[in-house]
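There are 2 protein chains.
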Amino acid sequence: MPAGPDTHLLLRAFVDELARCGVREACTSPGSRSTPIVLALVRDDRLRCFSHIDERCSGFFAVGAAKAACRPVAITCTSGTAAANLAPAVIEAWQARVPLVVLTADRPPELREVGAGQTIDQIGLYGSAAKWFFEVGTHEATPERVRWMRMLACRAVWTALDGRRGPVHLNFALREPLVPPVELGEDPLPGRSAGRPWLLRGGPGPDAAAAGRALAVLARDAHRPVVVAGRAEPGLDAIGAACHSLGWPLLADPLSGARRGGAAVAHYDLLLRAPTFSATNAPDLVVRCADLPTSKPLRAWLESLGDDVPQLAFDSQAAWQDPSASVHAVLGSDAAATLVAAAVRAPATDPAWLSAWRDADARAAGAIDDLLAGELSEPRVARELGARMPAEATLFVASSMAVRDVESFTAVRDDAPRVLCNRGANGIDGTVSSAFGAAAVSSGPVVLLIGDVALAHDVGGLLAARRGGLSLTIVLLNNDGGGIFEFLPVASERDAFEEHIATPHGLDFAHAAALYGCEHEHVASVEGLRDGLGRALDSPATTILEVRTARAANVALHRELAAAAVAAI
Amino acid sequence: MPAGPDTHLLLRAFVDELARCGVREACTSPGSRSTPIVLALVRDDRLRCFSHIDERCSGFFAVGAAKAACRPVAITCTSGTAAANLAPAVIEAWQARVPLVVLTADRPPELREVGAGQTIDQIGLYGSAAKWFFEVGTHEATPERVRWMRMLACRAVWTALDGRRGPVHLNFALREPLVPPVELGEDPLPGRSAGRPWLLRGGPGPDAAAAGRALAVLARDAHRPVVVAGRAEPGLDAIGAACHSLGWPLLADPLSGARRGGAAVAHYDLLLRAPTFSATNAPDLVVRCADLPTSKPLRAWLESLGDDVPQLAFDSQAAWQDPSASVHAVLGSDAAATLVAAAVRAPATDPAWLSAWRDADARAAGAIDDLLAGELSEPRVARELGARMPAEATLFVASSMAVRDVESFTAVRDDAPRVLCNRGANGIDGTVSSAFGAAAVSSGPVVLLIGDVALAHDVGGLLAARRGGLSLTIVLLNNDGGGIFEFLPVASERDAFEEHIATPHGLDFAHAAALYGCEHEHVASVEGLRDGLGRALDSPATTILEVRTARAANVALHRELAAAAVAAI
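Quick note, the sequences are listed as chains G and A, same order. Under my numbering, the first sequence has 118 at position 118, and the numbering climbs by one with no breaks. Under my numbering, the second sequence has 1545 at position 545, and the numbering climbs by one with no breaks.
These aren't lab readings, by the way, just hints derived from the structure by calculation. Mixed in with the good hints there might be a few duds.
Unchecked claim - Which chain A residues stay away from chain G? Per the calculated CB distances, all over 10 Å, these:
1) A1116
2) G1137
3) W1158
4) H1223
5) G1247
6) S1278
7) G1306
8) A1325
9) G1374
10) R1466
11) A1550
As the list claims (entries may be wrong) - Within a straight-line C-alpha distance of at most 20 Å, the following computed SDA-like cross-link-like pairs (lysine to any residue) qualify:
12) A:K1296 x G:E113
13) A:K1296 x A:A1563
14) A:K1296 x G:L111
15) G:K296 x A:G1117
16) A:K1296 x G:R175
Where a beta carbon is used, it is the ideal one built from N, C-alpha and C, also for glycine.
Okay, chain G solo, but in the shape it has when bound:
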């Protein structure tokens, strides 16, 4: 953009439109070239701006905030590798369908590829992970161009939200001077009246009532339907009542928000390890909502059902989640609305069908409770959090072991807390930052359940506690290495396993807490966890509750739990 006030006038209008379209949060990082964008964001009173030294943290913070708030978050950073540090979060946002508006600062064309500082090729930097890339170019702030800029901002937001949600990337070529004149002056073209965005886009999606009628017709011949619900933001809380009224077992990942109510089945990951149970409880109709749950036994079971068992998937965002090519039909309508519509018309299912699932679930729950009584363990921590966290709280879980334990061992609970996780690309990177992002926009407290490797990976994310004054309760399962790898065949390759796969680090996270101004305590018993959780949730500080576990014992316990649950049903 040209020198003088033009850049600043154009960016002020751009940011004005972001705010008019509903953006409420923005993330910044230090830098010089991004100054015009940062100033425009910071000077708009409708936006809360969060500063992050590390752009990777900034990106994942934005992912967490957008997930928890269910609205697009803006991010900016300076030119060069700063922008590349956002790549992991942009990719997670693409995979997990999280709306982000990424505004990278760049040098203008005359400073590209000539050895000017901090200049890299930012054109299409995020490749296929950006839903939309746009090179903004340089402009004078004529009324026509401000008008175009307002439209561009709206288009960025609506594109992030439309259909399959995701990140959009606008690259701004910025010329000096990078600071505005003292008096920036009037807007050459003010926005529309009454705070309306320049451009609105939206409207109804596919007709849920019609889809519900179609589903009811399909279900007419089904005697043993099951509903499988995976990760969804906002949660699928509303499907529980419909499933209950239909008499359809609801196999609900905690990430779906639907592990509640009279139809929910919690321990499908354990139940489906029992060959007899899986075989005798094979469904004749599968309705899948949102993402596929993580559970391998569930995925294998769905794959094994036979090619004539209809499997329907609600996939309003074109996520195409079906690794086994089992799906027969995809519905683009809203899952909850469609199930509610179907419940009105579908015939009642024999109550024995739901009871068979619920009874087995209760027996598995009993076996788990028996085995987990006493000592604190990784599965017990997951079960405890599911049972004890306040209803208004959010549980953010790390990928890798934490999300699997929460899926396997969290019981059905009608007032279950919300559970979030970065399950788009399932990376362990950025987890701390995303949890802080969720904490920044959530009204209730946020608890992060995380392992030591993921915490070591994003340890810099703890800086949000100090700089942002944000409060988070971190329950750290520390087994000094990647516990999940102990479950894999590679664990027997002893020459390489410890050093290159398990990667024990010997970190004493009390020092990390001291570095970032967090509270830290060791927790060694169930009572200790309960007490610590109580204190942490009451504290305005970020607290790390560290549970030490042993990797080998953890593997053994998981195998015992599976065996006990299978034996119980």
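Chain G is already provided as a structure; the job is to place chain A on it using the hints.
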């Protein structure tokens, strides 16, 4: 690749060829999908394998190692955002022309875009920053295919080295089982005899003798030539003698390795701030070697020389460094060899020309020494390190202020230590990791000069001290924020400056040292720095020597130094 031993046989042959081509270091990170690549690397005795929990650190570690060792380094990581975390380092390697062989693990096609875990679009993931991208596909380990695999590995290494050096990216689709059978068996096609690579590529570059004759002809009419030398790895130590024999002032960035000998001018950044000096010492021939130095006054001076003053650039790697479009001719030959050849034939330059520069440099040096006597300050730290570090040591400097202070305030020294910096994209990211990478392959000690924001950005890089048992001396200039931004106009935008540009963090890095098992001491005087440096260089541990400074005072001191140097000449 198919199940069974095939994958492992192919990868063993691939890694065998990497080693035959001269690769000696590899970096790994934890993960499951990358198991076959990790095992092949770890099980080749010719490779030292460094494990990193954070792939971003791994990538920058590889950059530092490849820079310091001047040979390609291999990196692998698991699928998903793990690979995206390498992006900043891959981009730095592209910009700085550092050879890397990036081997990403991926899921096979049938697990892509179907909701399988940890799967993202890795095809062309690094965009234009990868010199070469290749999707390896899946193969059986037939002799023909092993032969092709051996060629592929050689091609990866030679492509990273050929012409413009840089990173290459090979994406490996890997199917289960990911661990090899107990007995992997014979190689279906062993490599060539006598440890030779399957394919050698190389040969002489453009003829330096001929280029030298051409340069001598050009120089015949020149009475006032100057040589400007910027970042180069390996260093341009050899040009000093040629410049001295030619009587050509050598304006040498410490990153060139050429700030030594009787022709070197150290304080050009300050000299060229004096309008009289710049005008009266305008050259009639400029010879540029390697990258452009960072100095803004130097860059502005080169731009101002007039379009008829011939400027020649040695650019054997097609870096195209010329932001002001001042270069008349580019020579593809080796700078040192060409200058040596030219020195034989070029007429002697009036010794007064070199003396004018050297005398001014000496006066500037005197003024700097006077002003820096006494208290420890950021410029004094840079000057001390340049003067005191052992000749066999390496100084790794962070981008941002550290590299500028080293350029401005390091004196000429015949046994100057090597100076390295990530100046490709000039990011502050990954600096700690790159310095550890340099330390891992250097025979002498390595000192990192870094500011607090860069250290906070890559604090996780310190884990290399603990896990890799690596020793590094870190001289930390802590002014609690981005000191460089105080020099910019944005410093007057007070509503946004502190929080979003300067980003003070209040970190006490003693806790970071404790977390990662490093020594830490505060240094508050010149003697303290000397003593601390002595202890740190003798210690097998990584030591952080922390110098507290104030941002505002630092700006004032820099302005005083410039004024004093200008007044002195």
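Now for the hints, and whether the structure bears them out:
1. Distance check on A1116 of chain A: its Cβ comes as close as 4 Å (rounded) to a Cβ of chain G, failing to clear the 10 Å threshold; non-interface status is violated.
2. Separation of G1137 of chain A from chain G is adequate, the least Cβ-Cβ distance of about 19 Å exceeding the 10 Å criterion.
3. Distance check for W1158 of chain A against chain G: the nearest CB is about 24 Å away, which clears 10 Å, and the non-interface claim stands.
4. Residue placement check: H1223 of chain A keeps its beta carbon more than 10 Å from all beta carbons of chain G (closest about 28 Å).
5. Here G1247 of chain A stays apart from chain G, with its beta-carbon at least about 28 Å from theirs, past the 10 Å limit.
6. The claim that S1278 of chain A is not at the interface with chain G holds, since no C-beta of that chain comes within 10 Å of its own (minimum 21 Å).
7. With a least CB separation of 19 Å from chain G, G1306 of chain A remains clear of the 10 Å interface cut-off, as annotated.
8. Look at A1325 of chain A: its CB is around 8 Å from the nearest CB on chain G, not clear of 10 Å, so calling it non-interface is violated.
9. No beta-carbon of chain G is positioned within 10 Å of the beta-carbon of G1374 of chain A; the least distance is around 31 Å.
10. Look at R1466 of chain A: its CB is around 6 Å from the nearest CB on chain G, not clear of 10 Å, so calling it non-interface is violated.
11. Look at A1550 of chain A: its CB is around 18 Å from the nearest CB on chain G, clear of 10 Å, so calling it non-interface holds up.
12. Only pairs whose Cα atoms come within 20 Å are accepted, and K1296 of chain A paired with E113 of chain G is accepted, the gap being roughly 18 Å.
13. Between the alpha carbons of K1296 of chain A and A1563 of chain A the distance comes to roughly 16 Å, so the proposed pair stays at or under 20 Å and holds.
14. Between K1296 of chain A and L111 of chain G, the direct Cα distance comes to roughly 14 Å. Compliance with the 20 Å bound is thereby established for this hinted pair.
15. A hinted pair counts as satisfied when its Cα atoms are at most 20 Å apart, and K296 of chain G with G1117 of chain A qualifies at roughly 11 Å.
16. The hinted pair formed by K1296 of chain A and R175 of chain G meets the criterion: a straight-line CA distance of about 17 Å does not exceed 20 Å.
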